[in-house]
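There are 2 protein chains.
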Amino acid sequence: MRDVAIVGSSQTKFGKLPKSNVELFAEAAIDAINKSGLSQKDIEALFLGTVFSDFEEGQVNMAGFGGAEIGLGNIPATRFEGACASATVAVRDAAMWVASGQFDIVLAGGTERAFTMGTPFATRTFAMGGDAKYEAVTGNTFPGAFAMAARLYAVNYDIPLDKLMEMLASVTIKNHKYGALNPLGQFYGKMGDLTVEKVLSGPRIAEPLGLYDCCPFSDGGSAVVITTAEIARELTDTPVYIVGTGQGSAGALFRQKDFTKPKSRVASARMALKMAGLSPSDIDVIELHDCFTPAEAIALEAMGFYDWGTAAKASDDGDTDIDGTYPTNISGGLIGKGHPVGATGAAQVHAICEQLRGEMPQGMQVDGPEIGMTDTLGGDFGTIAHIVLSLSKRRK
Amino acid sequence: MRDVAIVGSSQTKFGKLPKSNVELFAEAAIDAINKSGLSQKDIEALFLGTVFSDFEEGQVNMAGFGGAEIGLGNIPATRFEGACASATVAVRDAAMWVASGQFDIVLAGGTERAFTMGTPFATRTFAMGGDAKYEAVTGNTFPGAFAMAARLYAVNYDIPLDKLMEMLASVTIKNHKYGALNPLGQFYGKMGDLTVEKVLSGPRIAEPLGLYDCCPFSDGGSAVVITTAEIARELTDTPVYIVGTGQGSAGALFRQKDFTKPKSRVASARMALKMAGLSPSDIDVIELHDCFTPAEAIALEAMGFYDWGTAAKASDDGDTDIDGTYPTNISGGLIGKGHPVGATGAAQVHAICEQLRGEMPQGMQVDGPEIGMTDTLGGDFGTIAHIVLSLSKRRK
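For the record, the sequence lines run as chains A and B. Mapping the first sequence onto numbering that gives the first Met the number 0, position 28 (from 1) lands on 27, and the numbers just tick up by one. Mapping the second sequence onto numbering that gives the first Met the number 0, position 10 (from 1) lands on 9, and the numbers just tick up by one.
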């Protein structure tokens, strides 16, 4: 297998955008290609994540249309859908096709118009990412699932629920702090000064989760250009190598014994770290799937950064902030930057690339990270994928 | 890259089925695994095609649920969607992951409940496989697109339209002849004796296409077990090697100069044949995307079996029948066997496996084929994929 690197990455502004899914992807893709020093004719295949393009604008089979929009010709173009993990699965697959020697230069990314759907319709369609036969029919939505996760976390680790939610408020306070600094974030210039009091007294969504515990619905696009290490070194002095990828799956929640310890996420994170030859302690910067505040704690534990039941407190102690042991979601994450579901995974990869290259906006740059990791969750653990990125080809 | 082979394949009955998408896939998957001599614990990853599971039953993110249904554990499970080519793209991707050395044994397949949607709703949702911005909004559906293709074919090659439709009637007469013999086909025991007169006087769908020029909406599932050549030889005396795969894409019809000569299909077929080191004349048996009668002629030409403008006549002359030069859709094809869109591609692969192994039902076995090829079309040429299958690892 060949070494693989990212030579260009981009995302659109996240928020409410007057553009089609194809146009959102095209905007990010053209910027990523331009940054790479390559041109459209160099791209040999396209890997595109999107989740609800059919409900959003009556479009399936979108990958080819995305490619045609930017002039890619008749190359292989594949759409991936694993709910909110769609773009991460696309990036992982793209990396494999390059590593295997089948393609030298490919484009991966994602797009979504979830804000434009409106909250009630988006809530209903998003719930389709859980099991339709046993979950959605009971009225379960993802705020509901993560409300249950918060309660289970409190019980499992013997933490009073109100104390847990107070600790978890640190997650949204941190992520909104950086989201407010991110010019491409949905809440740029807003909500950078949330307080525990404000978070805890926010409008109720699904007890114990309030509005500020939840990420928003967003429109947005994202893209990365992936090539061989050899070509990357000709194009840039700072290629970001994809040194590990992982993926996992799970069935309906009733098949998952304890979804505060999601087996699909544990399996996927271990697969990615094993491929990279790294341990959790080697990771300098993290972008993970903070769809709700308890989700960030659960992800940090399942990925191996903290022992089970300790990440909420670690977050409250500032250990996941920009100068902590594991700087997490310094882009703003899903909560502070936005969550255009089909685009989120490649935007996470873009954020890690910017961190590793020292290109983050003012106030958001972690001090000299060399290795980063993304985590993306589709549904209630049905699809999980991880990407490990590094400034050097192999740690060992 | 390692050599790759299929060691088990299956499809459900096609038609109107009282089962969920996950159950349809599970039925085919368990049969394919059982036939392979392997068990669920041997499967390392799942590649699943499905198109409209959200409209059909409020389910996205289905791959993990499909895997959990048959007990696959937390392995990587990816959903592919390229309209009607979804399962072929899944099989192609699965083959690559095995060829690359990342997995030794994987499961690929597809599932769909298009019959259960009902014709009006299925017609509307299927149209989402064309470009939503420029085509579906004009009222274009796929019968409409292929009606235009028939007219363009007649004009391009100076064939009177009524004469062309008379020649193309041979496509549906042939495919229904074999569909009626196929116990797993939607029209088993029915419509085996269509006549040109009956075809031409059928209810009008989109002039010049009548009802008998069109494939049906179908429910169904399909699956194949893919492994290395080395493991395959331990399991069976008749592995079917995947010796070539190809994929292509295209934008909206207005970007395609002449969609009777679809560039995405030409590029994809050439890619697959080049990888196999084969020419069209090496292919002994074909399963291709006969969604409408003109589609079969266009596919035969774009894949290189006949010169442009000559395949309708070749079909009328019997050259694509079971004893002709290029036996095509002897399973019944989409028209005679059925077309559960997300499942179709892997079912085509299954049909070629049965042909190469000499396992087709009575009256449907081509005489001693050694190499076969599938062709699957998603939308109006937006996604195309091809698989070349052989009883020997490499022709040359």
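Simulated from the structure, these hints should not be mistaken for laboratory data. Treat the hints with care, as some may be off.
Short, incomplete list of chain B residues facing chain A, as computed with Cβ under 10 Å [said to hold, decoys possible]:
no., residue
1, S38
2, Q39
3, D53
4, Q58
5, G81
6, S391
Computed cross-link-like contacts, DSSO-like style, restricted to lysine-lysine with a CA-CA straight-line distance of at most 30 Å [to be verified]:
no., chain 1, residue 1, chain 2, residue 2
7, A, K132, B, K34
8, B, K12, B, K34
9, B, K40, A, K256
10, A, K176, A, K256
11, A, K273, B, K40
12, B, K197, B, K312
13, A, K40, B, K312
14, B, K260, A, K40
15, A, K18, B, K40
16, B, K273, A, K40
Just so we're clear, the structure is a prediction, and the values are computed from it rather than from any experiment. Cβ atoms here follow ideal geometry from the backbone N, Cα and C, with glycine treated the same way.
Status of the hints after comparison with the structure:
1. S38: For S38 of chain B, the interface hint is violated, since the closest Cβ of chain A sits about 18 Å away, which is over 10 Å.
2. Q39: At 13 Å from the nearest chain A Cβ, Q39 of chain B fails the 10 Å test, so the hint is violated.
3. D53: Constraint on D53 of chain B satisfied, holds at 5 Å.
4. Q58: holds (4 Å)
5. G81: holds (6 Å)
6. S391: violated (22 Å)
7. A:K132 / B:K34: Answer holds: K132 of chain A to K34 of chain B is near 29 Å, not above 30 Å.
8. B:K12 / B:K34: Holds - the C-alpha atoms of K34 of chain B and K12 of chain B are around 17 Å apart, at most 30 Å.
9. B:K40 / A:K256: holds (19 Å)
10. A:K176 / A:K256: Violated - the C-alpha atoms of K256 of chain A and K176 of chain A are around 35 Å apart, more than 30 Å.
11. A:K273 / B:K40: The hint holds at about 21 Å.
12. B:K197 / B:K312: Roughly 19 Å separates the two Cα atoms, so the pair holds.
13. A:K40 / B:K312: Roughly 38 Å separates the two Cα atoms, so the pair is violated.
14. B:K260 / A:K40: holds (22 Å)
15. A:K18 / B:K40: violated (45 Å)
16. B:K273 / A:K40: holds (21 Å)
Of the numbered hints listed earlier, those contradicted by the structure are 1, 2, 6, 10, 13, 15.
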